[in-house]
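Our numbering applies: residue 1 is where the sequence shown begins, and numbers increase by one.
Source of the hints: derived by calculation from the structure; they are not laboratory data. These figures come from a predicted structure and were not determined experimentally. There may be inaccurate statements among the hints.
To be verified - Computed Cβ-Cβ distance ranges for the label pairs, DEER-style: (1) Q326 x R482: 39 to 47 Å; (2) S173 x R386: 35 to 43 Å; (3) S377 x N181: 40 to 48 Å; (4) S215 x E356: 44 to 52 Å; (5) G112 x E391: 42 to 50 Å; (6) L331 x A540: 52 to 60 Å; (7) K230 x E356: 31 to 39 Å; (8) A524 x D267: 32 to 40 Å.
Beta carbons are placed, not taken as given, at the ideal position from N, Cα and C, and that holds for glycine.
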Amino acid sequence: MADSQINTFTNDDQRDVAIAHDPAGNFVAVWQSQGQDGSATGIYAQRFNSSGNRIGGEILVNTFTNSFQRDPDVAIDAAGNFVVTWYGSGPGIGTPVPDSDGVYAQRFDSSGARLGATILVESFPDATNFGPSIAMDTDGDFVITWSGFRTQTGAQTGVFARRFNSAGTAQGSTFAVSSGNSSNPDVAMDADGDFVIAWTGDDGGSNGIKAQRFSAAGIAQGGEFLVNTKTTNSQNRAAIAMDATGNFAIVWEDSDAGIQLQRYSPDGTRQGSEFQVQSIDRNFETSPDIAMSPSGEFVVTWQVFLDAIYGRAFTADGTFKDYDFQVNTNLAGDQFTPAIALDGSGSFVTAWSSTEQDGSGSGVFFRQFARPELNLSLVGTPERDRLAGREIAESISGLAGDDRILGLGGNDTLIGGSGNDELDGGAGRDTLNGGAGSDALRGGEGNDILIGGGGNDLLDGGQGRDRLRGNGGSDRFVLTRRQGRDIIEDFQNGRDSLLLTGDLQFRDVTIRQSGRNTLIRSGADPLALLTGVSASQISASDFITL
């Protein structure tokens, strides 16, 4: 499916899209639009059915149209009723005087009809408030969180929240979520109304990601906690998603490592370690978003530079189903600030902002995807790639460029392609093919097959009984004690070398004829069998000591 445009009004800029899915696959997109409501920017919504067809026309969300309204978010309940939140100008508390920094919300039923008046969410009208996020349970109860500055926190920015029932009635007052200087919150809620808020705070070095759990009654569960275990450099822009039973995952951008993710159980216990989301480092991965199905499967999306939107799908236990996929099919202009939503079946919609596509400024676009299945192949780019597999059998190809390919577990096939590549099979019975270039092949554990290809290659079978073939060039074959006997199928005397590693020296080896082959041993430990090679041809000059 190609990219589809969300906005029908195309003058000036439409951007900062958010999206929400109901269980049946129908979805709502919201965004800010410049000049459409008659004054600065306004908030608009568009409903779609599960096939991606529009339902009705664009809906103007804000009723107060003076000045600006910005940064919308949306949540939807099991029946398709939805709530939109944003910040900007509007009537203050108990007065028609505009509050230029308020947080607002508007309820709609499943047909897109407005329910009640605009809700003034925040209760500090003389403060600066911005960046709201909303989450909703299956019954329509919802919580909104945002960043606030000045009267609430003195000289610092803090994170605040407020709860509402399905009728839009506030359940208590605004409450502080964070301690210290904090901003950019995101919130997720389970089917029963328990919720978790994540934000950017101070981790003792620079920016870090923190979070706090709450019960459905808004009672904090334990204290706020640091999400990222890597605290060097800066971590920003947290996004959070939760399944029906309260398992949740937090994703963020790391200034050094791209997009990182940490999974949690409902009681806040870490599930595994934080890990890098993207399979290929393209540099400058930013602006992540995450969505999770009721059963716990999740998909992460992010932008690379301003060039492209990417995504990756995972099972509920954090195993990635596939490798990175590019979301946008139109490559013209900039692509930025993606958003994502999943339905009950695991199908999902990704939306984002793009320039140079709707004829005037920026527009907002979406693309639908069916529930992804496990894919057992990964293909790199013509550039320098770092590709990592999973604990399953799969095929990974680096193409051009100087690539580093890690097979990890499973019986993998790793293909370097052109370039000077590093291939590491890891555990399992792997097949490594360096291709053109001078490559380093390491089989790891298991009985592996290593093929150097053209170029001057390094072949190290690792543990197990491996088969090594240089396939041309001046190759080095690694011999190590107690690693198992390797078969070297095409040793070229006078051109290839045998590399002794560890404490192994030439004086430790014996060379003898074994049929038509040469057997090299260290005491009773067989190191290698050189097929079709006469032992009389092998001497100290064929060995290199590391």
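Here's how the hints hold up against the structure:
{"no.": "1", "hint": "Q326 x R482: 39 to 47 Å", "in the structure": "46 Å, holds"}
{"no.": "2", "hint": "S173 x R386: 35 to 43 Å", "in the structure": "49 Å, violated"}
{"no.": "3", "hint": "S377 x N181: 40 to 48 Å", "in the structure": "45 Å, holds"}
{"no.": "4", "hint": "S215 x E356: 44 to 52 Å", "in the structure": "47 Å, holds"}
{"no.": "5", "hint": "G112 x E391: 42 to 50 Å", "in the structure": "46 Å, holds"}
{"no.": "6", "hint": "L331 x A540: 52 to 60 Å", "in the structure": "58 Å, holds"}
{"no.": "7", "hint": "K230 x E356: 31 to 39 Å", "in the structure": "37 Å, holds"}
{"no.": "8", "hint": "A524 x D267: 32 to 40 Å", "in the structure": "54 Å, violated"}
Hints 2 and 8 from the list above are not met by this structure, while the remaining hints are.
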